[in-house]
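Start from the sequences and build out the full structure, keeping to the hints where you can.
There are 2 protein chains.
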Amino acid sequence: MRASFREQLDSLRGSLIVMGSDVTSGMRWATESLLEGDLAAASKALEIATTIRHCREEVEESVVELLVRQQPVASDLRLALASLHVAADFERMGALAEHVAKIMLMRHPVTAVPPEVAQVARQMAQIAERLAWKVTGVLETGDAALAAQLESDDDEMDELHRQMFEVLFGNWTHEVKAAVDAALLARFYERYADHAVSAAQQVVYLVTGVVPGRS
Amino acid sequence: MRASFREQLDSLRGSLIVMGSDVTSGMRWATESLLEGDLAAASKALEIATTIRHCREEVEESVVELLVRQQPVASDLRLALASLHVAADFERMGALAEHVAKIMLMRHPVTAVPPEVAQVARQMAQIAERLAWKVTGVLETGDAALAAQLESDDDEMDELHRQMFEVLFGNWTHEVKAAVDAALLARFYERYADHAVSAAQQVVYLVTGVVPGRS
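These protein sequence lines map, in sequence, to chains P and U.
Each step along the first sequence adds one to the number in my numbering, with nothing skipped, and position 182 is 182.
Take the position in the second sequence, starting the count at 1, then add 215; the result is the number in my numbering.
Rather than coming from a laboratory, the hints here were simulated on the basis of the structure.
Ideal Cβ positions, reconstructed from N, Cα and C, are used throughout, including at glycine.
Mixed in with the good hints, there may be bad ones.
Straight-line distance between alpha carbons at most 20 Å, and here's what the computed SDA-like set of lysine to any residue pairs gives [claimed, not checked]: (1) P:K102 with U:E251; (2) U:K317 with U:Q341; (3) U:K392 with P:H161; (4) P:K102 with U:Q341; (5) P:K177 with U:Q341; (6) P:K102 with U:H376; (7) P:K102 with U:E374; (8) U:K392 with P:F165; (9) U:K317 with U:E374; (10) P:K177 with U:R402; (11) P:K102 with U:R377; (12) U:K392 with P:R187.
Just a few of them, taken from the derived set where beta-carbon distance is under 7 Å, the chain U residues facing chain P [stated by the list, open to error]: (13) V279; (14) L292; (15) W387; (16) K392.
Following this line, the structure appears as structure tokens:
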């Protein structure tokens, strides 16, 4: 029974890998739409967010099935619940990419971001993508060491968040609307990173059975 | 066994009621701190957010215990998972109240909100509180009809969100900083409302066993 539980949990992990890969490309499309004014890229980000929402529902269904069939012990149960947490974080990350794309869509054909904002946003997007990619990598390879890097990536993100506000609160010569958009964008990238870090903690637990930070 | 599962689920519901009540007062303190520049109120909001985070962990632990002890059937399992969803939404709501208080703390002793923003923020806060209060009410009374009102409260919130942006994008005479704060505040109240609506759907399921929108 324990072996069969493992198998089903692995299949769940497979679904999470697909979600993680979607989460990564969702933010890539969203950022491209924002910085290049690319409408097709925005549609892609929206589509992917919808796919991710469905995937989360499927993961929840699979967990219910798994728990009903296997009647797991507490430690197995915690692993199943960890995958629910990861799916929830991934869903939010997809939605945050969607928010980025929607800011572009609201302002189109005007570009939402002035050059000094675009520069910071591009860096935030790169880190966001890297974080999502690493979480997915840990899911795929089981290499928990990769997860440890996420903290420093997240520190970089916080630093860029501060930079964005320095730009906004410095000598701002653009409209208030562009400042508001930039502040929201910074928040969306930062929250995306937070969810990646949160997902990574659960993923480490999922692949190693060890709660991060405890030995 | 089914009866004993019910009992444990009711005890879980009791914990959620306490959380819901904290979630409501957390936002009340946060808004008071924001609009009155009250530092003690801000500390209250932060304290409550921490309490709510602990409560969520306790709810998760209780669910694991419940599932291990009771080996429930699928429908019972879904009820247990619904309470996890509610606890997660409540935790986010507590964190969003904390964000409101933190904006006040960042700007103190300067007031973060100009009068025209304060007016909209006050109304958003009232609806936010009302939504949280109703969700808690449904948990307490099992009166699903109350939950149906949440949709129209949420529409009011969306309308106020639009109003806030009209204020910002109209004839804005204040600093960019105040505009950015107002946009973020509007987002915090709006997200709080979204989580209340999401929690309400799960709460209805929890108290009636019926998924809202399906008959």
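Here's how the hints hold up against the structure:
no.	hint	result
1	P:K102 with U:E251	34 Å, violated
2	U:K317 with U:Q341	19 Å, holds
3	U:K392 with P:H161	15 Å, holds
4	P:K102 with U:Q341	28 Å, violated
5	P:K177 with U:Q341	26 Å, violated
6	P:K102 with U:H376	16 Å, holds
7	P:K102 with U:E374	18 Å, holds
8	U:K392 with P:F165	9 Å, holds
9	U:K317 with U:E374	25 Å, violated
10	P:K177 with U:R402	15 Å, holds
11	P:K102 with U:R377	15 Å, holds
12	U:K392 with P:R187	15 Å, holds
13	V279	5 Å, holds
14	L292	5 Å, holds
15	W387	5 Å, holds
16	K392	5 Å, holds
Figure legend: structure checked against the earlier numbered hints; hints not met, in rising order: 1, 4, 5, 9.
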